[in-house]
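Engineer: Numbering-wise, this note's numbering comes out as the position in the sequence shown, counting from 1, plus 108.
If you're looking for bench data, these hints aren't it; they were derived computationally from the structure. Nothing here was measured: the structure is a model prediction, and the numbers come from that model. Even for Gly, the Cβ is constructed at its ideal location relative to N, Cα and C. Possibly wrong hints are sitting among the right ones.
As the list claims (entries may be wrong) - In silico EDC-like cross-links for lysine to aspartate or glutamate, where the CA-CA straight-line distance does not exceed 20 Å:
1) Lys-182 <-> Glu-156
2) Lys-182 <-> Glu-149
3) Lys-153 <-> Asp-213
Claimed, not checked - Computed spacing ranges between beta-carbons, pair by pair:
4) Ser-192 <-> Gly-212: 33 to 41 Å
5) Ala-150 <-> Thr-171: 34 to 42 Å
6) Gly-212 <-> Asn-175: 17 to 25 Å
7) Asp-213 <-> Pro-183: 27 to 35 Å
8) Gly-212 <-> Leu-148: 31 to 39 Å
9) Thr-200 <-> Glu-156: 20 to 28 Å
10) Glu-149 <-> Ile-184: 13 to 21 Å
11) Glu-149 <-> Glu-194: 15 to 23 Å
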Amino acid sequence: MQLQKLTKAVITTALLLGISAQAWAHTALSSSNPAEGTSLEAAPKTIEMSFTEDVKLLRVVLTQEENAIDIDFKPITAAAASFSVEVPTLSTGTYTVSWTALGGDSHRVNGSFSFGVGAAAEEHAGHGGEHVGHAQHNNSHSSH
């Protein structure tokens, strides 16, 4: 009888821990194209982003050496796991994509990734990797 109670307690605890871990898991960028640290010979026409769950993509900013590139991005309020953002013709250089998404749990998640185009891409390639899947969680809740 004691063994049966102990078994039930262990199973219940394991289930609660599993549910709790899922509740604390937040959205993350699972992949991008161009990928972090990628060296491209030709400029991309779009930037593709995939997340670990459906999100609302609130902000995408493309910069080259801290200068914003106009991509005419409008917040996407229809939740999805993958997005494609058109970009203008990009010149040789290193670019950073910064994004903000709103997960299903109403947490804002921010992140960024960088890639290079042309000759600058060779120089940039050695600096990639530290931001792969980089996301920062913001605990502010949205009422949207």
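Engineer: Each of the hints needs a verdict: does it hold here or not?
Structural biologist: Here's how the hints hold up against the structure:
1. Lys-182 <-> Glu-156: Answer holds: Lys-182 to Glu-156 is near 15 Å, not above 20 Å.
2. Lys-182 <-> Glu-149: Given pair Lys-182, Glu-149 is violated - Cα atoms ~28 Å apart, limit 20 Å.
3. Lys-153 <-> Asp-213: Not satisfied, since the Cα-Cα distance of roughly 32 Å exceeds 20 Å.
4. Ser-192 <-> Gly-212: 33 to 41 Å: 21 Å, violated
5. Ala-150 <-> Thr-171: 34 to 42 Å: 20 Å, violated
6. Gly-212 <-> Asn-175: 17 to 25 Å: About 34 Å separates the Cβ atoms of Gly-212 and Asn-175, which means 17 to 25 Å is violated.
7. Asp-213 <-> Pro-183: 27 to 35 Å: Taking Cβ atoms as reference, Asp-213 and Pro-183 lie about 18 Å apart, which means the hint is violated.
8. Gly-212 <-> Leu-148: 31 to 39 Å: Taking Cβ atoms as reference, Gly-212 and Leu-148 lie about 32 Å apart, which means the hint holds.
9. Thr-200 <-> Glu-156: 20 to 28 Å: 21 Å, holds
10. Glu-149 <-> Ile-184: 13 to 21 Å: 30 Å, violated
11. Glu-149 <-> Glu-194: 15 to 23 Å: 20 Å, holds
The structure fails hints 2, 3, 4, 5, 6, 7, 10 (numbered hints given earlier, in ascending order).
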